[in-house]
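Undergrad: Make a model of the complete structure from these sequences and hints.
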Amino acid sequence: MKFRRLAAALPRPLILLLVTTALLGASWALLVPPWQAPDEPAHFGYAQTLAERGEPPQTEGERIFSTEHDAAAAAIGSDQLAGNLFARPEWGRAVYERWRALQAGFGSDARSNGDGASPDGGNNSARTNPPLYYAFEAVPYYVGAGTDLFGRLYLMRLWSALLLLVAAAATWALIGELLGRRPGLQLVGAAVVGLQPMAVFVGASVNPDAMLIAAFAVTMWLGVRVISHGLTTANGIALCAATAVAVLTKATGYALLPAVALALAAGAWRAGVRVRPGSLAAAAPPLLALVLPVGGWLLYARLSDRPAVNQIDVGGGEGFDHAGPFSYLWQFYLPDIPGQLPLPTGYPAIPAIDFWIEGFWGKFGWLEIELPGPLYVVVGVLSAVLIAGAGVALVRSGLRRHGVVAAFLGLVALALLGGLHLTEYRLLAGQNAVFNQGRYLLPLLPLLGLAAAATTSLLRPRSQQLVAGALVGFLLVLQIVALAIVGARFYA
Amino acid sequence: MRSRALIAFLVVTVVGVAVALLSAARDERDLAFTLGVAPGLVAAELGPGGVACQTPVDVAESFDGVRLFVGTFHRPGQPLGVTVRRAGRGGPIAKGRLPSGYPDGARPTVALDATASAGEQVEVCVRNLGDRRVALFGGPELAKRDSTVEIAGRDQHTDLVLEFTQESRSALAWLPEIFDRASVFRPVWVGTWTYWLLVGLVLLGAPALLARALRDAFGATDGSGDGDGSLAGDLPQSRTQA
Chain A
-12 MKFRRLAAAL PRPLILLLVT TALLGASWAL LVPPWQAPDE PAHFGYAQTL AERGEPPQTE
48 GERIFSTEHD AAAAAIGSDQ LAGNLFARPE WGRAVYERWR ALQAGFGSDA RSNGDGASPD
108 GGNNSARTNP PLYYAFEAVP YYVGAGTDLF GRLYLMRLWS ALLLLVAAAA TWALIGELLG
168 RRPGLQLVGA AVVGLQPMAV FVGASVNPDA MLIAAFAVTM WLGVRVISHG LTTANGIALC
228 AATAVAVLTK ATGYALLPAV ALALAAGAWR AGVRVRPGSL AAAAPPLLAL VLPVGGWLLY
288 ARLSDRPAVN QIDVGGGEGF DHAGPFSYLW QFYLPDIPGQ LPLPTGYPAI PAIDFWIEGF
348 WGKFGWLEIE LPGPLYVVVG VLSAVLIAGA GVALVRSGLR RHGVVAAFLG LVALALLGGL
408 HLTEYRLLAG QNAVFNQGRY LLPLLPLLGL AAAATTSLLR PRSQQLVAGA LVGFLLVLQI
468 VALAIVGARF YA
Chain B
545 MRSRALIAFL VVTVVGVAVA LLSAARDERD LAFTLGVAPG LVAAELGPGG VACQTPVDVA
605 ESFDGVRLFV GTFHRPGQPL GVTVRRAGRG GPIAKGRLPS GYPDGARPTV ALDATASAGE
665 QVEVCVRNLG DRRVALFGGP ELAKRDSTVE IAGRDQHTDL VLEFTQESRS ALAWLPEIFD
725 RASVFRPVWV GTWTYWLLVG LVLLGAPALL ARALRDAFGA TDGSGDGDGS LAGDLPQSRT
785 QA
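So the sequence lines, in the order shown, correspond to chains A and B. FYI, the numbering for the first sequence is -12 to 479, going by this note's numbering. FYI, the numbering for the second sequence is 545 to 786, going by this note's numbering.
Be aware that a few hints might be false.
[Unchecked claim] Pulled a few chain B residues facing chain A out of the computed Cβ check, cut under 7 Å:
| hint | residue |
| --- | --- |
| 1 | Ala552 |
| 2 | Ala604 |
| 3 | Ile695 |
| 4 | Ile722 |
| 5 | Arg725 |
| 6 | Arg730 |
| 7 | Pro731 |
| 8 | Leu748 |
| 9 | Arg756 |
| 10 | Asp760 |
| 11 | Ala761 |
Keep in mind that the hints were calculated from the coordinates and are not lab data. Virtual Cβ for every residue (Gly too), placed ideally from N, Cα, C.
TA: See the structure below:
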């Protein structure tokens, strides 16, 4: 009954888009071989450790992954396959039957003996992540408890893929909040999120980025609501809770804090809250919705002597001698200039294109599967046009009128980008290692959806329809091409 | 008005899918299965008459050709003989011969005189039939677990780059095998049928859903936009709009 009421409350174009996204998510989830998405072994291992042992992966222990996990990975050759275009997943029925016979003899400890670390100092690379996403993934893990490992892994992927529906729906709402109720524009923007190939690929794997994208989308929508409508207890709690979800999913979520602080302050000002004790008390419940869960996690991490945020080891290696952060940033986005100390060998010529365009739109598997080159040019130009169009739309609509909202959304983007660059710069300086990947920008995908809607809104109504239809069609074709390329890479 | 979004969507989708299908139809493939070894070292160097065997090899799918990765030390390639026999020095299943003259670093496919069947466990031996040395590229032993290269019965702790082939066909013609392969190591409720169903839904269902979504979205009241480029009306008025 509740589901029917919810479905009736949702606009039909959005429902149809969400069904399409779910269909594509299921296709990605079932097509990609086990653990052939970025860091999926570590994320599955974390989820299994949490589900089986009731605690996150440890820093000292006996086995990084469970016996069951290691045996399955060996049977299908997943480690050998990762990033290796010469390899294919094992598809021999005889090997599969041998695996089944092997796992039939496993005791219960074969699932639960992965504690996240090995005696030789090895450990689960995802262990520093907060536990929320993995707790979320415990649901399908338990539902599939009666099945073999692959039954549980694929249920977890399908469950994770649902998070992209949340992101697409939140983008729809975000656009509605800013552009008004214009389903055509909302559909275009939400389709950018729900049909973007990299987002669906990552979302349909076991990876906390799926939850992060959703949390960013919801936070951006709720932040705009708080700014536009004024702070209330309800919308403040919702905004802070969404932010807490992001923070408890991945340290990247901390990038939301400056923008959320701005939204709360602007929303409070709009609601007439001033710096008086009585008024400030009204702001307490929203803040508690953020502070209590995050503080609880920080306290747990402290008491259990584990890092509370992802820690990148920036030292201990051979650092790279470069000319400083300005030079690094210049060369990240632009060709280097004579006399400039170049970035390390092996770094892409213009990393922004490699990471923020190609890696953002589509590099699959362990990044070894690429789209055809011309498609990267198209999506690069498309991205630039959408961003420029959004800028024009913002200027034409009046910067003063929408300045706070623009500052809020800009702060989300800048904080995320700044954090990624700071981390990479430190890593380059300390270890000469590359850090950034295109998927790290996926939490900003709702902004690209908003940009698509805003750019489309600049056109005459007839042109809007043409552009909207063409853009949605292009995104679907991109999905189909990506699925075909990934299928051919793994199985042909 | 209503049809413009639909027409644009259908044109882009139909043209895009047609180009993708055409590319797939022209994409020739012959892979039955592979050991999955990436070339990183010389796994076996064979002098005249030398023999290297990769053993054991689980035959995932029947094959009638073997692709090698051969180095010739900057000289024209030497003739090679390939023998497939049952693992444990069993009887021969198939043989093939690679003529001389191939270039250095080539990846020639050796056609076999018979088909090795799926489900067998075999060993694949390569003999240098020429009078100069050749190098067979491969990787360290862990590149393929439970299988190794032997020369004169001695474990070389390496694996060969070996791909097992069938008759070349377009990627589209391989779809039944692709879906069959994808259904292995999956939940018990997934079968080949699952992928056929998903292909149908993605190629037909998804366009239908999105076409309907576009029609509904642009057919709705004020859904076509006002074209004035404004980001929003008065924001407080949008209180109930999202």
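Undergrad: Would you mind marking each hint as holding or not holding in the structure?
TA: Against the structure, the hints come out as follows:
no. : hint   : verdict
1   : Ala552 : holds, 3 Å
2   : Ala604 : holds, 3 Å
3   : Ile695 : violated, 22 Å
4   : Ile722 : holds, 4 Å
5   : Arg725 : holds, 4 Å
6   : Arg730 : holds, 6 Å
7   : Pro731 : holds, 4 Å
8   : Leu748 : violated, 11 Å
9   : Arg756 : holds, 5 Å
10  : Asp760 : holds, 5 Å
11  : Ala761 : holds, 4 Å
Of the numbered hints stated above, those contradicted by the structure are hints 3 and 8, listed in ascending order.
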